[in-house]
Amino acid sequence: MTDALVKEYQVKGIPITLLKVASEESARKKLTAKQTKKVFQKLEDKYMFAKIHPGEAIGVITAESFGEPGTQMTLRTFHFAGVAEVNVTLGLPRLIELFDARKLPSTPLMEIYLKKPYSKDEKYLEKIISKIAAVGLSNILSEIAINLLKSTIEFKLNKKRMRELGIKEEVVIKTIKESPKGTEVTPKNDRYVVTPKNQDGGLPVVYLLKEKIKAIKIKGIKGIEQVLPKKVGTEIMLIASGSNLKEVLEIDEVDGTRTISNNIFEVEKILGIEAARHAIMEEAETVIKEQGLDIDIRHIMFMADLMTTHGTIKGITRSGITSEKESVLARASFETPIKHLINASITGETDYLNSVVENVMLNQPIPLGTGLPGLVTKLKGKKK
Amino acid sequence: MTDVYLDEKYTGKLSNYKDFIKTLKEERRKQKISGTINVAYDAEFDEVTVHTCSGRARRPLILVENGKPLLTDDHIQKVENNELNWQDLIEQGIIEYLDANEEENALVALNEKYLTKEMTHMEIDPIAILGLTTSLVPYANFGQSSRLNRGSKTQKQSLGMYATNYLLRMDTDISILQYPQKPLVETFMHDVVNFDKHPSGQNITIALMSYDGYNMEDALIINKGSIERGLARSFFFRPYRAEELRYQGGLVDEIGIPDKEVKGYRSDEDYKYLEDDGIVYPEVKVNEEQIIIGKTSPPRFLGEMEEFSIAANTRRESSVSARAGEEGVVDNIFITENAEGNKLVQVRLRHQRIPEPGDKFASRYGQKGVIGRIVPQADLPFSVNGIVPDLVFSPHSIPSRMTISHLIEVIGGKVGALGGRFIDGTTFSAESEEDLRKELLELGFRENGTEKFYNGITGEEMEAQIFVGNMYYQKLKYMVANKMHARASGRIQLLTRQPIEGRSKGGGLRLGEMEKDCLVAHGASLLLKERFDSDKTTLHICESCGMVAIFDNIRKKGTCPKCGANAEVNAIDISYAFKLLLDELKSLGLYPKISLKNKY
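For the record, the sequence lines run as chains A and B. Mapping of the first sequence onto our numbering: position 249 corresponds to residue 249, and the numbering continues sequentially without gaps. Mapping of the second sequence onto our numbering: position 509 corresponds to residue 509, and the numbering continues sequentially without gaps.
Since the hints were made in silico from the structure, they are not lab data. Being a predicted model, the structure only gives us computed values, none of them experimental. For each residue, glycine too, the CB sits at the ideal point set by N, CA and C. There could be a bad hint or two in this list.
[What the hints assert, rightly or not] Pulled a few chain B residues facing chain A out of the computed Cβ check, cut under 7 angstroms:
# : residue
1 : L526
2 : K529
3 : C545
4 : S575
5 : L590
Chain A on its own, in the form it takes in the complex:
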């Protein structure tokens, strides 16, 4: 019985998922045929009411929906997320870098979830964290200096710290020797002496080498500076400052289905454009919620769609979305007009005056709202 109804309303254009829910619920509540019909009728009314009319200026409404609350956002940049002492850029600055599609977020961050046995017990934590958190040579050094007379670098290792981190001395020495290859490392009393491969460069070369050595990664994943455990309900998860989605996902204990980075470009590269769209939505929503504002999810979805619809992430900037506009005049009306006009004339572009800005410029009715429909009448006595 309900199947017939479902079919009937599907033809009317109601999404099948909604209809299925309606029929299941009706069956569960043991409604009569008449009541069920009423439910479907109400569903249609509501669905049709919620639909956007042709010619509705959703772009401008979305822009205003972001713009107006944006003026109320506090310009407070930092937010201390509770126990985890990680600074997170939020508020307007974060929203701007998100929609501008900046290549690197000002505070890269990862939320790392763990697979079943590891997420329940704290005893695994230390091991997993040591796998993830990057340890540079500078973290285990107690001293480093340049010997000006001999043009060599002398350093002393912090043995205690190394024991804590489970790093072996031989491994450290081996890594230094390999970067760059041919660097000589010789023990001298309790220190090590590094002799640069090429001796001609003089002190500047030695100095550069010193900085290079300090930055050498000994252990962990590159780019991840700090990992802090956090308890969410009964589950333990990790928050990492710094981001390297690819290598984190390769770790066995990590639950790859939920782990995410706040770097939307990394998400796009590793997980694809649909994931990036979702990441943009999630990030934007977090910022808005944190500020105690309420913007309809559809506006956020629209923004994310707009940014990802070209297959790559494009920001709402003159090099991003705006450069994809079809109309020459529309592009010219937003930053660097001469560049757009000249390039358009070189390629001989045509502007069909299909959208809003061009028509405002020419003082024509804009093809939106009341300006969208045209009226066609048959004149008396005239054929066609």
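Use these hints to put chain B onto chain A, whose structure you have.
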């Protein structure tokens, strides 16, 4: 070794800077060297800087030795008996002036209470930490500092008696308050600056209550009766000037009633108030754009004169008329010479400004607002004694702004008005609030300043006790008469053919980009088009080349500058600004081709 800089110039080195500074200061205090010399030691850079130059802000402080100020009661007694004066105190080394640099080395106590062994100086009075206008705010130590800032700022905008010779002055954009008063609650500084000689406000009765919502969001309700009795009336003065300028070839401007042949002659009506010398007579009421000083100028170009030289006098009308939207009475006329010896006529118009909705008022605590409604006295609430407030102030303006000083002044003003005396509200040393309350009680009023009130319209007794009292209110220089502006049609810009900008030129009100977005969001497409129709033009486009063509309306034939005569030409309605854009593109060497298509 310490470096020494004299007036920012390196002069030498010192082995013992402490002794050096000590001797220098002692000599200065003994008047052996000039008192304007200041010396300071900078520990960070280990250098001594000595300043003798002009232009340093310096302030006087009382010297302190071993935790005791050198200024004793004995001295004060002598000053009071006119046996000592300020200069004597300086010469005796009791008071000295420090500059900003030397102040860095000093440890200054606010008053005797804070004196310790280490202190080197003491303030003459704690109020000295405030500037002039700020110290004119009574009970400033009972308010938030940012409100104090705003309060002293509004004092600078208040109308009053800015100069007693204002009748002889030709200042632009100036107002004089008609019945200015000295504040009932004053500070020490009011006496110092002779505030009673140039007051800038009036003592009025205020009630702290809401009244039909017309004092929401910082609006004020004003008693119509009070206004009719002269509250906050002011004169607005606007000077106009005309000069007889001299041009090349011995040509001169001429002040006088223009002849009828003069180019640009207005109607006789416009010149009717001019006397034979071409200047209006005093005390005549001048309406907007009416001529005040009649003047003619020689033709702008010589060629112009040759062409039409049949009537030798082709002078231009260049009279000075009252500004659009500004009327007034001719207050005074000055006929003088300017620096080049040319005749200079200055006429000052006076206009009485009676308070009207939108005029701005403020107390001295950053509590500013505009008139929201003027209510007849009969409709305003009244107290048991029959007191009707001059102004009704909204209580919602108080909690978030924390202007406690505003409330204290109401009580102070009430005590002052009833007790017939002035209240000292000097910051840090004012009459205490408790004393004021006690005195108010003695005067037969409730000590918290509240009174029983009755609704002026219904006569019902009000449930709440209303806080009333007197306070000093200032009329600020922002009045609606100087701000209001509207336009239906008017002048347009030459370049874009869009309306010109600015109130004084009768310009349009811009519907900006964000306002445009609102219309777009509403889908009000045709309304948007109509709003931007101000520079609508009809353009004829050649069908073959897409450039702007010419259409001969008599012969009904189109001509294209590129394709020649008999081109097929079609008209389109477009904004002139877009035509301008096309022209600019052409000047860039781009070819914007327009191809037309039927819309339907």
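Proposed interface contact between B/C545 and chain A, which counts if any beta carbon pair is under 7 angstroms
Given a least distance of 15 angstroms, the restraint on B/C545 is violated.
Could you check if B/S575 really has its C-beta closer than 7 angstroms to a C-beta on chain A?
Holds, about 4 angstroms.
Please verify that hint: B/L526, Cβ, nearest Cβ of chain A, below 7 angstroms or not.
With a minimum Cβ separation of about 6 angstroms from chain A (threshold 7 angstroms), the hint on B/L526 holds.
Would you settle whether the hint for B/L590 is holds or violated, based on the nearest Cβ-Cβ distance to chain A being less than 7 angstroms?
Constraint on B/L590 satisfied, holds at 4 angstroms.
Against chain A, with CB atoms and a cut of 7 angstroms, does the hint on B/K529 hold up?
holds (5 angstroms)
The structure shown violates just one earlier hint, number 3.
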